[in-house]
Amino acid sequence: MSPSDLSRRDFLKALPLAAAAATACGPSEFRAADFSRLAMSPVALLPASYEADLADVVGRGLDILGVDVRGKRVFLKPNLVEYETDKAINTHPLVVAGAASAFLSRGAQQVIVGEGPGHRRDMEYLLAGTGMIDVLRDLRLTFADLNHDDVREVALKSHFTRLQTLWLPATLLDADIVVSMPKLKTHHWAGMTASMKNLFGTVPGAVYGWPKNLLHVHGIEQSIVDLTATIHPALSIVDGIVGMEGDGPIMGRPRPVGVIAMGTDLPAVDATCARLIGLDPTKMPYLSVAGQFIGNIDTTRIEQRGERLERFQTSFDIIEPIRRLQLPNPP
Amino acid sequence: MAGALEQRRAEALTARLTQLANPSGGWPYYAGKKSRLEPTCWALLALHGAWTDSAAEWSRFASIHLDFVHRCQRRDGLLSDTPEAPTNLAADGLAACTLAELSPASGAAILPALLDGIVAVKGLRVNEPDTRQDNTLQAWPWYPDTFSWVEPTAWCVLALKKLRSIAPPGSAARITEAERMLENRCCETGGWNYGNASALGQDLRPHVPPTATALLALHDRREASWVAKSIAFLEGARLKEKSGAALGLTALCLRVYGRDSAIVEAQLADVSVQTEELGNIHSMAVALSALTGDRHQARAFRVAQ
Numbered sequence: 001m002s003p004s005d006l007s008r009r010d011f012l013k014a015l016p017l018a019a020a021a022a023t024a025c026g027p028s029e030f031r032a033a034d035f036s037r038l039a040m041s042p043v044a045l046l047p048a049s050y051e052a053d054l055a056d057v058v059g060r061g062l063d064i065l066g067v068d069v070r071g072k073r074v075f076l077k078p079n080l081v082e083y084e085t086d087k088a089i090n091t092h093p094l095v096v097a098g099a100a101s102a103f104l105s106r107g108a109q110q111v112i113v114g115e116g117p118g119h120r121r122d123m124e125y126l127l128a129g130t131g132m133i134d135v136l137r138d139l140r141l142t143f144a145d146l147n148h149d150d151v152r153e154v155a156l157k158s159h160f161t162r163l164q165t166l167w168l169p170a171t172l173l174d175a176d177i178v179v180s181m182p183k184l185k186t187h188h189w190a191g192m193t194a195s196m197k198n199l200f201g202t203v204p205g206a207v208y209g210w211p212k213n214l215l216h217v218h219g220i221e222q223s224i225v226d227l228t229a230t231i232h233p234a235l236s237i238v239d240g241i242v243g244m245e246g247d248g249p250i251m252g253r254p255r256p257v258g259v260i261a262m263g264t265d266l267p268a269v270d271a272t273c274a275r276l277i278g279l280d281p282t283k284m285p286y287l288s289v290a291g292q293f294i295g296n297i298d299t300t301r302i303e304q305r306g307e308r309l310e311r312f313q314t315s316f317d318i319i320e321p322i323r324r325l326q327l328p329n330p331p
Numbered sequence: 001m002a003g004a005l006e007q008r009r010a011e012a013l014t015a016r017l018t019q020l021a022n023p024s025g026g027w028p029y030y031a032g033k034k035s036r037l038e039p040t041c042w043a044l045l046a047l048h049g050a051w052t053d054s055a056a057e058w059s060r061f062a063s064i065h066l067d068f069v070h071r072c073q074r075r076d077g078l079l080s081d082t083p084e085a086p087t088n089l090a091a092d093g094l095a096a097c098t099l100a101e102l103s104p105a106s107g108a109a110i111l112p113a114l115l116d117g118i119v120a121v122k123g124l125r126v127n128e129p130d131t132r133q134d135n136t137l138q139a140w141p142w143y144p145d146t147f148s149w150v151e152p153t154a155w156c157v158l159a160l161k162k163l164r165s166i167a168p169p170g171s172a173a174r175i176t177e178a179e180r181m182l183e184n185r186c187c188e189t190g191g192w193n194y195g196n197a198s199a200l201g202q203d204l205r206p207h208v209p210p211t212a213t214a215l216l217a218l219h220d221r222r223e224a225s226w227v228a229k230s231i232a233f234l235e236g237a238r239l240k241e242k243s244g245a246a247l248g249l250t251a252l253c254l255r256v257y258g259r260d261s262a263i264v265e266a267q268l269a270d271v272s273v274q275t276e277e278l279g280n281i282h283s284m285a286v287a288l289s290a291l292t293g294d295r296h297q298a299r300a301f302r303v304a305q
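Chains as they are written, first to last, in the working numbering: chain A, 1 to 331; chain B, 1 to 305.
Each hint should be verified, as a subset may be incorrect.
[Said to hold, decoys possible] Listed below are several chain A residues computed to face chain B (Cβ distance under 7 Å; list not exhaustive):
| no. | residue |
| --- | --- |
| 1 | 122 |
| 2 | 167 |
| 3 | 211 |
[As the list claims (entries may be wrong)] Here chain A is said to cover these stretches of chain B; the calculated rule only asks that three of the stretch's residues, wherever they fall, bring their Cβ under 8 Å from a Cβ of chain A:
| no. | segment |
| --- | --- |
| 4 | 79-85 |
| 5 | 214-227 |
Just so you know, these hints were derived from the structure itself, not from any lab. Beta carbons are placed, not taken as given, at the ideal position from N, Cα and C, and that holds for glycine.
With the hints as constraints, model all of the structure from the sequences given.
Right, here's the structure in full:
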């Protein structure tokens, strides 16, 4: 069969993620020696609003987690997808501003903001529409357009996509600390998009095109795992002040949650976010697999810091195709 | 005629683009980065359109940058600015249009093989049934062995139409199928996004830049109802996406269709300050090309009809 005769479904059938999630990952997908999971993964939940001093909120989170950024080049990767005034699609610029200020005040050498949207290649339109351009101006931050950056070929550290390498942006690869800064949203295929799925925006469009179809063809969930294993961000800061429920990640409705979630273990942060919105992380294949070698998703291995989970738990409206991923008794 | 602000902004962008060229040839997407095919082609087209010195001076200026384009050619005829990385077919189509416009003589050395390479690449045929979309139509992908999308299809179609006289056998059939694909992916309202008119049963919205790009490739089909609907969409949305690339492509497209582009160019002159601040050379070059449209009449994007 030539590649031209394959259907997208055939591609997906051939991939091993669902089987890996149901059993255990095999040695062909990753080298166990390349990964070490924490005995306990701290996740900080901090009450927040867009009117609050978000530099203070993020700063407290950094203190709670014991993150040291002195002298480091910090790369902030927010989620900028599409601009619509009445939707909660993107990481709010004020959260990015708060994070940048917190890192700079704690001695970071440089803070770079970068994103490579998958639906839009017109970064200027998104930066201006979302107001992110004002944050960049006010704080004099460098912006890296990851779709059009210089690129380097990188060996993947796991191979659920069956890919061996990916071309990734040089500015991202050269950072000392990569911080995933997603918006907390439902996702009509993957269930939820948060710290890990946000990494799709690191794949350069000038190489792979728009949309980032490479990642869809090789499996969305497989790609999420391989990108997280390879880029291995040191920190996640989730904008859950207002999330998106329903038909996310673009067509859903805003849903206030009032939280900033932070942690150094991305699967642990995302598992916590899933529980916050009424989804069961153990039913989500990408989180189940990531929980076997990248980080922790079991509640017994996640240490909740800051506020208790129950304070923010909000039962998001979940559309039918992903209803199977709900917790047995959603909040 | 362009107003004073448009002329001042064109002069500023001309100076900035000239200064941002890499000494070894070509332009990067952003200052200080490696030269890439797409910003190089757009910068060459834009600066050529704005050029006021002699033709000999232009040749002296452009030769090192055209050499960069030539150095990108691989054995299969396609161009690649990053050795070992996948070839970007949208950039290859644009490069063919650029060489046809600026350098027919020196372009002759690489154009036939480039066109062979373009015609040899087909987007994947996907046999998955879809009530809205015919996924068996094969046009051009972003890079080989993947699915067909709007932007690379538009640039490759435009290149083959512009260079019909030297295009390889099979080109006409490829153009026909690619136009069917563009018709199939046209949004309900007219216009295009990256290439899915609907998802999960919902109609998706068109975006301005891919709409303008697709329309450039289809301006010899302006009588087709779906093309007419799309130009109507673009006219309605012409000021909605405020960026150098969106306004610039829109102005060029309206000019090629013989529509009034003055209000878009006036808005672009304002917005181009922001474009320059953000530093995307591709967007700056698109903006400059649009702001000097009175001089070059968007000739690089026209085909003989």
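Evaluation of the provided hints:
1. This hint holds: residue 122 of chain A has a C-beta 5 Å from the nearest C-beta of chain B, less than the 7 Å allowed.
2. Annotation: interface hint on residue 167 of chain A holds; nearest CB of chain B at approximately 5 Å, less than 7 Å.
3. Satisfaction of the interface hint for residue 211 of chain A is found here, the shortest Cβ-Cβ separation to chain B being roughly 6 Å, below the 7 Å cut-off.
4. Counting residues of the segment 79-85 of chain B whose beta carbon lies closer than 8 Å to any beta carbon of chain A gives 3, which reaches the threshold of three, so the coverage claim holds.
5. For the segment 214-227 of chain B, the assignment as covered by chain A is violated, since 0 residues bring a beta-carbon within under 8 Å of that chain's beta-carbons and 3 are needed.
Checked against the numbered hints given earlier, the structure breaks only hint 5 and satisfies all the rest.
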